[in-house]
Amino acid sequence: MTHHTRFTKGIKRQSAWDLADNQVTPESVFKDRRSIVKALGLGALGASIPGYVQAGLFDFGSNKSTSTFTTSPLQFSQPKAFAIPDPLTPENKITRHNNFYEFGTSKQDPFDNAQAFKVNPWSLQIDGLVDKPITLDLDDLTKRFALEERRYRLRCVEAWSMVVPWVGFSLASLLTEAGVQSSATHVAFETLFDPEQMPGQKNRLMGGGIHYPYVEGLTLQEAMNPLAFLAVGLYGKTLPPQNGAPIRLVVPWKYGFKSIKSIVKIHLMDKQPPTSWNQLASHEYGFYANVNPEVDHPRWSQASERSIGEGGLFSAKRIPTQMFNGYGDQVAGLYKHLDLRKYY
Amino acid sequence: MRLTPRGLWWLKGGLHIAFTLPILYLVYLVLTDNAGGDPVQYIIHYTGMGALNSLLAALAVSPLAKYLKQGLLLQTRRLIGLYVFAYATLHIAAFISLDLLFAWGFLLEEVIKRPYILLGALAYTILLLLSVTSFMVVKKKMGKRWQQLHNWVYLVALLAPIHFYWSVKSEIIEPSIYIVICAALVYLRKQKLVKYLPKR
Ligand code: HEM
Numbered sequence: 001m002t003h004h005t006r007f008t009k010g011i012k013r014q015s016a017w018d019l020a021d022n023q024v025t026p027e028s029v030f031k032d033r034r035s036i037v038k039a040l041g042l043g044a045l046g047a048s049i050p051g052y053v054q055a056g057l058f059d060f061g062s063n064k065s066t067s068t069f070t071t072s073p074l075q076f077s078q079p080k081a082f083a084i085p086d087p088l089t090p091e092n093k094i095t096r097h098n099n100f101y102e103f104g105t106s107k108q109d110p111f112d113n114a115q116a117f118k119v120n121p122w123s124l125q126i127d128g129l130v131d132k133p134i135t136l137d138l139d140d141l142t143k144r145f146a147l148e149e150r151r152y153r154l155r156c157v158e159a160w161s162m163v164v165p166w167v168g169f170s171l172a173s174l175l176t177e178a179g180v181q182s183s184a185t186h187v188a189f190e191t192l193f194d195p196e197q198m199p200g201q202k203n204r205l206m207g208g209g210i211h212y213p214y215v216e217g218l219t220l221q222e223a224m225n226p227l228a229f230l231a232v233g234l235y236g237k238t239l240p241p242q243n244g245a246p247i248r249l250v251v252p253w254k255y256g257f258k259s260i261k262s263i264v265k266i267h268l269m270d271k272q273p274p275t276s277w278n279q280l281a282s283h284e285y286g287f288y289a290n291v292n293p294e295v296d297h298p299r300w301s302q303a304s305e306r307s308i309g310e311g312g313l314f315s316a317k318r319i320p321t322q323m324f325n326g327y328g329d330q331v332a333g334l335y336k337h338l339d340l341r342k343y344y
Numbered sequence: 001m002r003l004t005p006r007g008l009w010w011l012k013g014g015l016h017i018a019f020t021l022p023i024l025y026l027v028y029l030v031l032t033d034n035a036g037g038d039p040v041q042y043i044i045h046y047t048g049m050g051a052l053n054s055l056l057a058a059l060a061v062s063p064l065a066k067y068l069k070q071g072l073l074l075q076t077r078r079l080i081g082l083y084v085f086a087y088a089t090l091h092i093a094a095f096i097s098l099d100l101l102f103a104w105g106f107l108l109e110e111v112i113k114r115p116y117i118l119l120g121a122l123a124y125t126i127l128l129l130l131s132v133t134s135f136m137v138v139k140k141k142m143g144k145r146w147q148q149l150h151n152w153v154y155l156v157a158l159l160a161p162i163h164f165y166w167s168v169k170s171e172i173i174e175p176s177i178y179i180v181i182c183a184a185l186v187y188l189r190k191q192k193l194v195k196y197l198p199k200r
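Quick mapping for you: the protein sequence lines, in order, are chains V and D.
According to the UniProt record's numbering, the first sequence is numbered sequentially starting from 1.
According to the UniProt record's numbering, the second sequence is numbered sequentially starting from 1.
Simulated from the structure, these hints should not be mistaken for lab results.
Fair warning: there could be bad hints in the mix.
[To be verified] So, partial list: chain V residues that the calculated Cβ filter (under 10 Å) puts toward chain D: (1) Lys93; (2) Ile94; (3) Phe111; (4) Gln115; (5) Val119; (6) Leu174; (7) Ser182; (8) Leu205; (9) Pro273; (10) Trp277; (11) Lys317; (12) Thr321; (13) Met323.
Using N, Cα and C, we set each Cβ at its ideal position, and we do this for glycine too.
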């Protein structure tokens with residue numbers, strides 16, 4: 001198949017996103033974009049707007065909007081098993097359209113507000129029902145396990161999707177190293193809690209009402225599935241903060257909110273852990289959250305999705321959503337005995 | 001100081017600029033690839049907020065005119081109202097053309113499945129009726145019924161922020177603030193509106 005040629009190891013691809021990458025917009029444009037948009041969108045609210053927004057209205061000179069976070073290139077293999085024919089979403093779209101409410105609820109907030117995020121030092125703890133609890137520091141995240149690139153479709157619960165080249169290692173390899181005890185049934189994950197760095201955790205309006213720290217969970221079987229992935233990189237480089245630096249989960253057959261970002265804790269337990277969106281609105285977001293075109297969100301349809309790909313405004317595509325986001329062959333077996341309408 | 005007809009002319013000119021600039025700015029953002037990672041959602045959001053903010057402005061005119069004792073101000077309402085309609089039209093056009101990509105069958109399905117879109121559609125239908133009847137000739141022809149029809153704008157003022165509230169995933173504080181402001185602006189007209197309530 002032709003698309004496999006793309007994965008030839010060691011050859012740097014020259015393609016559209018490389019170009020897009022070079023056409024970075026000058027810093028000044030971003031600065032006034034930010035201030036003017038803020039002014040327009042919130043002008044009518046006048047005095048009722050809280051402090052952080054007002055700060056936004058007046059910080060015309062700030063340089064928050066440029067991508068100042070440094071990422072570094074990674075060494076990795078490109079296993080053919082994870083090659084998919086779908087064209088990749090350009091890097092500058094993947095890094096500018098994020099749901100990461102810790103940095104604000106609108107899609108460009110994480111890019112605007114996360115550039116000063118500190119990932120060094122970092123500590124990721126794996127504990128609970130394991131034989132050998134592990135603590136990984138920043139270096140360990142990219143050095144302890146052999147890294148590989150996986151191109152996964154990402155389907156957001158808001159009915160848009162991207163195709164992302166992640167770099168990382170399988171969750172199973174980490175769990176195996178820790179030695180999961182036979183009594184464990186579930187895996188719980190937790191995002192960093194640091195309101196000084198994450199303005200959404202400090203300010204309710206900015207954080208969208210979520211109870212922080214953000215928590216997620218999988219069944220042990222799901223976690224051990226070879227598709228479940230811990231990403232430390234994107235497009236061949238370490239992750240930028242808005243995409244969940246320095247390490248995040250990627251579960252491609254589930255809605256994006258399951259793929260928790262900036263993880264500090266992985267805890268093995270013997271019952272189902274609480275999960276953030278489920279806590280917030282359990283009738284809209286279940287524990288499983290498998291991509292399923294037949295089960296609609298109570299307020300919108302999940303039958304199709306707008307695929308965010310290369311090109312400008314008029315190149316968008318609306319495509320049918322696939323069961324398990326197209327990963328049914330690998331994961332449908334996990335849910336043989338589960339009523340997916342009830343356990344959405 | 002009283003607003004003179006000449007002053008009104010300048011004011012209207014200023015309003016035209018104030019309501020057109022954001023649209024030109026949006027065009028600029030999109031053309032220069034600065035409308036976020038997904039310009040489609042950006043445009044829908046931007047024009048939706050534009051429609052809602054213009055609606056607040058339109059509804060604020062008469063309380064303001066009363067407070068400042070500037071009757072002439074009332075004459076800016078038609079202009080602002082038509083911008084509400086223009087922003088709402090762009091908002092819907094963006095949704096249908098860029099998000100749904102003209103999948104009309106899907107649109108019907110969506111309208112049924114997404115109650116918030118139903119509310120938006122209802123609000124837009126009223127705005128459309130108000131806009132086509134906003135011409136002087138039509139107003140004269142309609143007589144008393146014109147005012148009755150145009151009072152429906154207060155329903156739009158309640159539907160639009162609820163549509164906003166219902167469309168978001170969890171960030172309900174901002175839409176809640178809008179609901180409160182809109183409800184307050186409608187409440188200011190309570191004397192005018194109680195007439196329409198069923199008599200007990
Ligand atoms: C047929 C009519 C309408 C349709 C189909 C429609 C569609 C939509 C959609 C799909 C969204 C959600 C965008 C997203 O979350 O991705 C939205 C949001 C919104 N709409 Fe409408 N709308 C309509 C009428 C109106 C009207 C008449 C107004 C105001 C006067 C309005 C104001 C807004 C606002 C303020 C938002 C929230 C902005 C955001 O958070 O994205 N809409 N609308």
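Each hint tested on the structure:
no., hint, result
1, Lys93, "holds (4 Å)"
2, Ile94, "holds (7 Å)"
3, Phe111, "holds (8 Å)"
4, Gln115, "violated (15 Å)"
5, Val119, "violated (22 Å)"
6, Leu174, "violated (30 Å)"
7, Ser182, "violated (38 Å)"
8, Leu205, "holds (5 Å)"
9, Pro273, "violated (20 Å)"
10, Trp277, "holds (8 Å)"
11, Lys317, "holds (7 Å)"
12, Thr321, "violated (12 Å)"
13, Met323, "violated (19 Å)"
In summary, the structure is inconsistent with hints 4, 5, 6, 7, 9, 12, 13 from the numbered list given earlier, while agreeing with the others.
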